[in-house]
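Kindly generate the complete structure, drawing on both the sequences and the hints.
Heads up: the first sequence begins at 1 in the numbering used here, then just goes up one per residue.
For the record, the hints were derived by calculation from the structure and aren't laboratory data.
Even glycine gets a Cβ: it sits at the ideal position worked out from N, Cα and C.
Treat the hints with caution; some may be incorrect.
With beta-carbon atoms standing in for the labels, derived distance ranges [unchecked claim]: (1) Asn414 with Ser563: 49 to 55 Å; (2) Ser563 with Glu340: 38 to 44 Å; (3) Thr167 with Arg90: 38 to 44 Å; (4) Ser180 with Pro29: 46 to 52 Å; (5) Asp418 with Ala391: 51 to 57 Å; (6) Gly564 with Arg344: 34 to 40 Å.
Each computed DSS-like pair below joins lysine-lysine, with the alpha-carbon atoms no more than 25 Å apart [what the hints assert, rightly or not]: (7) Lys31 with Lys364; (8) Lys388 with Lys364; (9) Lys454 with Lys347; (10) Lys207 with Lys222; (11) Lys207 with Lys82; (12) Lys19 with Lys255; (13) Lys415 with Lys388; (14) Lys454 with Lys415.
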Amino acid sequence: MTALSPAHPSLQIYNTLTKRKEPFQTVEPGKVGIYLCGPTVYDKAHIGHMVGPVIFDCIKRYLVYCGYEVTWVVNITDVDDKLIAKAYERGISMLEVAEENIADYNGNLAALGVDQIDHFPRATECMDEIIAIIESLVEQGFAYESEGDVYFDVGKDAGYGKLSNRTVDAMQGEGGGTASRKRGLADFALWKSAKPEEPSWDSVWGKGRPGWHIECSAMSKKLLGETFDIHGGGLDLVFPHHENEIAQSECCHRKPMVTYWAHNGLLRASNATGKVGGRGELEEPGEGGKMSRSKGAGGLADLIASQGGERIRFFLLRTHYRSTVLFNEPAIEEAGVGMETYYRFFKRFERVTGQSIFDLEVPKTRAAGEIDAGPSGLLAEVSELRNKFLAAMDDDFNTGGAVGELFELVRKLNKYCDDHELETESKQSGKVEPFVRGATTLRELASILGVFSKPQAEGGGSSDALLGQVMQLVIDLRTEARANKNFATADAIRDGIEPLGIVLEDRTGGTEWSGGNDETLNGIMQLLIELRQTARANKDFATSDTIRDRLADSGVTLEDRPSGTEWSQG
RNA sequence: GGCGCCGUGGCCAAGUGGCUAAGGCAUCGGAUUGCAAAUCCGACAUCGGCGGUUCGAAUCCGCCCGGCGCCUCCA
Numbered sequence: 001m002t003a004l005s006p007a008h009p010s011l012q013i014y015n016t017l018t019k020r021k022e023p024f025q026t027v028e029p030g031k032v033g034i035y036l037c038g039p040t041v042y043d044k045a046h047i048g049h050m051v052g053p054v055i056f057d058c059i060k061r062y063l064v065y066c067g068y069e070v071t072w073v074v075n076i077t078d079v080d081d082k083l084i085a086k087a088y089e090r091g092i093s094m095l096e097v098a099e100e101n102i103a104d105y106n107g108n109l110a111a112l113g114v115d116q117i118d119h120f121p122r123a124t125e126c127m128d129e130i131i132a133i134i135e136s137l138v139e140q141g142f143a144y145e146s147e148g149d150v151y152f153d154v155g156k157d158a159g160y161g162k163l164s165n166r167t168v169d170a171m172q173g174e175g176g177g178t179a180s181r182k183r184g185l186a187d188f189a190l191w192k193s194a195k196p197e198e199p200s201w202d203s204v205w206g207k208g209r210p211g212w213h214i215e216c217s218a219m220s221k222k223l224l225g226e227t228f229d230i231h232g233g234g235l236d237l238v239f240p241h242h243e244n245e246i247a248q249s250e251c252c253h254r255k256p257m258v259t260y261w262a263h264n265g266l267l268r269a270s271n272a273t274g275k276v277g278g279r280g281e282l283e284e285p286g287e288g289g290k291m292s293r294s295k296g297a298g299g300l301a302d303l304i305a306s307q308g309g310e311r312i313r314f315f316l317l318r319t320h321y322r323s324t325v326l327f328n329e330p331a332i333e334e335a336g337v338g339m340e341t342y343y344r345f346f347k348r349f350e351r352v353t354g355q356s357i358f359d360l361e362v363p364k365t366r367a368a369g370e371i372d373a374g375p376s377g378l379l380a381e382v383s384e385l386r387n388k389f390l391a392a393m394d395d396d397f398n399t400g401g402a403v404g405e406l407f408e409l410v411r412k413l414n415k416y417c418d419d420h421e422l423e424t425e426s427k428q429s430g431k432v433e434p435f436v437r438g439a440t441t442l443r444e445l446a447s448i449l450g451v452f453s454k455p456q457a458e459g460g461g462s463s464d465a466l467l468g469q470v471m472q473l474v475i476d477l478r479t480e481a482r483a484n485k486n487f488a489t490a491d492a493i494r495d496g497i498e499p500l501g502i503v504l505e506d507r508t509g510g511t512e513w514s515g516g517n518d519e520t521l522n523g524i525m526q527l528l529i530e531l532r533q534t535a536r537a538n539k540d541f542a543t544s545d546t547i548r549d550r551l552a553d554s555g556v557t558l559e560d561r562p563s564g565t566e567w568s569q570g
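Right, here's the structure in full:
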């Protein structure tokens with residue numbers, strides 16, 4: 001075994017192979033190679049397929065932050081029995097099935113902010129490498145040809161079973177139709193002979209295609225070398241997929257394939273419809289259980305559309321990657337509620353400093369982010385929270401613990417803002433400076449998790465220009481009412497728009513509004529019409545005219561008819 | 001049957017030998033606000049049960065109860 005680099009001073013990684021946390025050492029000093037098993041693209045992805053990509057996206061971000069040069073590979077298995085079956089079923093080519101689902105997969109990754117992948121190899125593009133490994137295994141006596149198929153001879157591999165902790169005797173093997181071609185039940189296919197109509201590649205054993213497993217041995221070797229640092233995947237891949245990968249690669253190369261095997265826990269669907277107030281067991285669960293495409297799980301694209309990718313990412317990151325996560329939409333919404341705290345703080349930051357928090361220059365490395373606390377009590381606390389955050393990440397990438405520290409950090413910053421009245425005082429620069437430094441650290445840590453890197457996508461309401469103008473009118477009317485101590489009217493306005501999904505917040509600099517959806521505009525118009533009606537009834541023609549004139553400025557016409565007032569645009 | 005995981009406040013979830021058991025959501029008080037919203041402060045668990053090891057355990061060991069995963073395609 002080649003000597004590994006000296007261990008990182010604090011980073012520990014849990015290794016499925018040794019079943020414990022180990023100090024982090026690399027094959028090459030300063031460099032890290034990561035291989036994550038990606039999807040077999042015979043169908044659309046479900047949320048479970050995103051756990052690996054999201055956590056490894058964070059892992060890469062963190063390793064880079066710690067100063068490593070990282071290469072991250074995620075493979076696409078685009079040749080497989082299921083793809084062939086799907087293509088046949090739909091009357092299209094295997095390639096078309098693959099392209100369609102790869103596009104879906106890429107769209108999902110982008111929505112969840114997974115943008116750190118360096119290589120996306122496809123099995124069909126690595127056929128030469130795949131065949132070369134199989135040939136080598138046959139040559140070395142670890143594999144044998146049988147009626148056009150090639151099988152790995154598990155009995156020849158003394159180390160077989162070490163990852164999944166099982167013995168060859170205890171294994172059932174594939175059995176089934178090809179059992180008669182195998183020497184041992186546990187032997188598995190490296191190459192499968194093709195039937196006339198099936199997609200195939202030429203080989204010394206005749207036309208055929210690779211078995212499942214071998215493509216990963218070939219692609220990881222091609223892009224990361226014979227021995228690399230981290231190999232990831234879902235816990236369900238430990239056996240047989242990864243066990244077989246190790247067998248193939250290590251027998252072929254006679255050296256360790258991977259230093260650390262990192263497996264993420266699986267997601268479980270949970271229909272926690274009635275979680276409020278306890279036992280929501282009225283509706284018999286039944287659909288609770290493992291996420292699986294064969295059980296109809298899917299619709300990730302729909303979920304992203306309704307929840308937003310960042311919420312899903314944040315939801316996944318709230319827990320440790322090795323634990324099982326019960327997943328349901330209310331839980332994602334709950335995570336979303338927590339995220340709002342940050343976005344509200346970001347707005348507050350802008351009110352205080354006049355600049356967007358997203359424009360801050362954020363430290364890119366662990367060393368660069370060190371805080372010189374100086375005399376400020378705030379920065380001493382920020383520094384401590386930062387250390388705790390990093391300690392959590394050092395401890396097998398414990399993003400759940402890290403998120404907790406991040407919440408503490410926003411609270412500290414909000415409190416500092418309160419205590420020093422940063423929003424109202426004549427901003428003494430000495431007070432604002434540490435605040436900005438602390439906020440910079442918040443963004444620095446968030447960037448490790450891959451969240452809060454840009455302004456929140458404004459939903460429906462706020463992006464509508466007309467609604468914005470109309471809301472400003474509503475706010476002005478209310479402000480005037482408040483100035484005149486006419487609180488009844490002021491409250492009527494707020495109470496009137498609350499059901500429309502809009503919340504008003506009175507601040508020192510003026511009133512802000514947020515929320516709204518497609519239905520909101522019409523509701524606001526009706527409210528304005530009522531306000532104008534009331535004003536006219538009270539002979540307050542100044543107000544009623546103001547309403548009509550300002551609406552006219554925005555291109556809205558009011559027409560008073562016997563049946564009531566109607567509005568139209570344009 | 002074999003291998004393995006889990007059980008921490010109403011819900012989610014960090015913590016795996018020793019400061020007052022993080023944090024989020026929810027709830028209830030308080031400060032603040034004309035009223036709100038937001039923000040801040042405070043309240044809310046002794047860690048499934050029993051027994052053991054230890055000066056000391058949620059954290060280690062044993063048994064029990066209760067969930068779950070893999071052993072077949074699966075992130």
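Evaluation of the provided hints:
1. For the hinted restraint 49 to 55 Å between Asn414 and Ser563, the CB-CB distance of approximately 50 Å keeps it satisfied.
2. A C-beta distance of roughly 41 Å is found between Ser563 and Glu340, which places it inside the suggested range of 38 to 44 Å.
3. For the pair Thr167 and Arg90, the beta carbons lie near 42 Å from each other, so the given range of 38 to 44 Å is met.
4. A hinted range of 46 to 52 Å holds for the C-beta pair Ser180 and Pro29, which are about 50 Å apart.
5. Between Asp418 and Ala391 the beta carbon distance is about 28 Å. The supplied range of 51 to 57 Å is therefore violated.
6. The beta-carbon spacing between Gly564 and Arg344, approximately 38 Å, falls within the hinted interval of 34 to 40 Å.
7. The suggested pairing of Lys31 with Lys364 holds, with an alpha-carbon distance near 17 Å, which does not exceed 25 Å.
8. Between Lys388 and Lys364, the direct Cα distance comes to roughly 18 Å. Compliance with the 25 Å bound is thereby established for this hinted pair.
9. With a C-alpha separation of about 12 Å, the suggested pair Lys454 and Lys347 falls inside the 25 Å cut-off, and the hint holds.
10. Restraint check: the Cα-Cα separation between Lys207 and Lys222 comes to about 23 Å, which is no more than 25 Å; the hinted pair holds.
11. About 19 Å separates the Cα atoms of Lys207 and Lys82, which keeps this hinted pair within 25 Å; it holds.
12. A C-alpha spacing of about 20 Å is found between Lys19 and Lys255, which places the hinted pair at or below 25 Å, so the restraint holds.
13. In summary, the hint linking Lys415 to Lys388 is supported, as the alpha carbons are separated by about 19 Å, within the 25 Å threshold.
14. For the hint linking Lys454 to Lys415, the alpha-carbon distance of about 24 Å falls within 25 Å, and the restraint holds.
In summary, the one numbered hint that this structure violates is 5.
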